[in-house]
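Asker: Residue numbering for the sequence shown follows my numbering, starting at 243 and increasing by one per position.
No wet-lab data here; the hints were simulated from the structure. Heads up, a few of these hints could be off.
Derived pair list, reagent style EDC-like, types lysine to aspartate or glutamate, alpha-carbon separation capped at 20 Å [said to hold, decoys possible]:
#, residue 1, residue 2
1, K449, E461
2, K508, D415
3, K336, D382
4, K449, D500
5, K336, D347
6, K449, D415
7, K427, E447
8, K427, E474
9, K378, D500
Restraint-style ranges between C-beta atoms, simulated for each label pair [as the list claims (entries may be wrong)]:
#, residue 1, residue 2, range
10, T285, A451, 19 to 29 Å
11, R436, F287, 39 to 49 Å
12, G513, K336, 40 to 50 Å
13, L316, G429, 42 to 52 Å
14, R312, N340, 40 to 50 Å
15, G478, Y439, 36 to 46 Å
16, Q324, E479, 31 to 41 Å
17, P306, T460, 48 to 58 Å
18, R312, T371, 34 to 44 Å
19, L372, E479, 35 to 45 Å
20, K336, G429, 41 to 51 Å
21, T460, I323, 42 to 52 Å
22, E461, Y437, 16 to 26 Å
All residues carry an ideal CB built from backbone N, CA and C; glycine is no exception.
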Amino acid sequence: MSSNEKAGFIDQSKGKDPLPSYMAATTPFTTATATSSSTPFHTQFASLSMHREDRLRFLSFPSPIVTLCRTTILNVWARGIQAEKEYGGSQEFKLYGNPWRGSGDQAIAARRLICALLSVLHEQGWVMTLSTDVSKKLWDKDTLLFRYQAPAPAPCDWLCIGFSRMDRIKFIDTPAAIYETLIQKLGPSWVQARYVYPNATGVYEIKLAGTPWMADGTETMRVRGLLLVFLEVLEGEGWTVYASVDQKNGGDKSSETDTWHCCRPKGWTRGAPVYH
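With the hints as constraints, model all of the structure from the sequences given.
Answerer: In structure tokens:
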């Protein structure tokens, strides 16, 4: 065993892991060389959080990663960045518009934005550990916590799925095989209608019977059964839910549902394993 292996370092020449990979982070962002087998193990963590109706804050990410995320925001959020500043040790971006409160095209673009940020961070070895809600304030949203690993996981394709209104599932940049299979498995007792957004490319929506996102009584368990079917459909097509994120302001009387951000290793073929 080499000195690097004894120190807990991974030989990057052995190739990238399949995605998602949650193996131990082994080097800081700036590659360091172990000088002895007694080099202490160290993992880097960072956070991405959404605030108010239009803010993103990046905490403890290296400057090159923040720069990359800034470029991603400008590429995905067409309204652009209104202001940028240091805030409590984080780098804060104030966006034009209301991504965490908006409806229609803003809600779609906001989901694409978070999905794109998850993707670019993942490509750089910043793997999401968990999404968490640590605020009791009204209209709060999740904080996303990341850990750094090297080598970075293998490249992936990404999509997102929103649970909208009280009875809708919105598919964004999702292969047709997923929603067509889900519609078939759920059947007419669940699926009432389907829509293609004429002014939003890559968006498909189904309307469900009843109000599943406000269910009561035994209906709550029927909704959980729907989610199990949904996961089965996703896995059958090679996808895993990488992050389930509350990224939208709730109202005075109700909270908001999550958005699922899903990924699949590029080049995945049917019958290959699905990693979680």
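Asker: Does each hint hold? Answer for all of them.
Answerer: Tested hints:
no.	hint	result
1	K449 - E461	holds (17 Å)
2	K508 - D415	holds (15 Å)
3	K336 - D382	holds (16 Å)
4	K449 - D500	holds (17 Å)
5	K336 - D347	holds (18 Å)
6	K449 - D415	holds (18 Å)
7	K427 - E447	holds (16 Å)
8	K427 - E474	holds (10 Å)
9	K378 - D500	holds (17 Å)
10	T285 - A451: 19 to 29 Å	violated (46 Å)
11	R436 - F287: 39 to 49 Å	holds (42 Å)
12	G513 - K336: 40 to 50 Å	holds (47 Å)
13	L316 - G429: 42 to 52 Å	holds (43 Å)
14	R312 - N340: 40 to 50 Å	violated (20 Å)
15	G478 - Y439: 36 to 46 Å	violated (25 Å)
16	Q324 - E479: 31 to 41 Å	holds (38 Å)
17	P306 - T460: 48 to 58 Å	holds (52 Å)
18	R312 - T371: 34 to 44 Å	violated (23 Å)
19	L372 - E479: 35 to 45 Å	violated (25 Å)
20	K336 - G429: 41 to 51 Å	holds (45 Å)
21	T460 - I323: 42 to 52 Å	holds (47 Å)
22	E461 - Y437: 16 to 26 Å	holds (23 Å)
Checked against the numbered hints given earlier, the structure breaks hints 10, 14, 15, 18 and 19 and satisfies all the rest.
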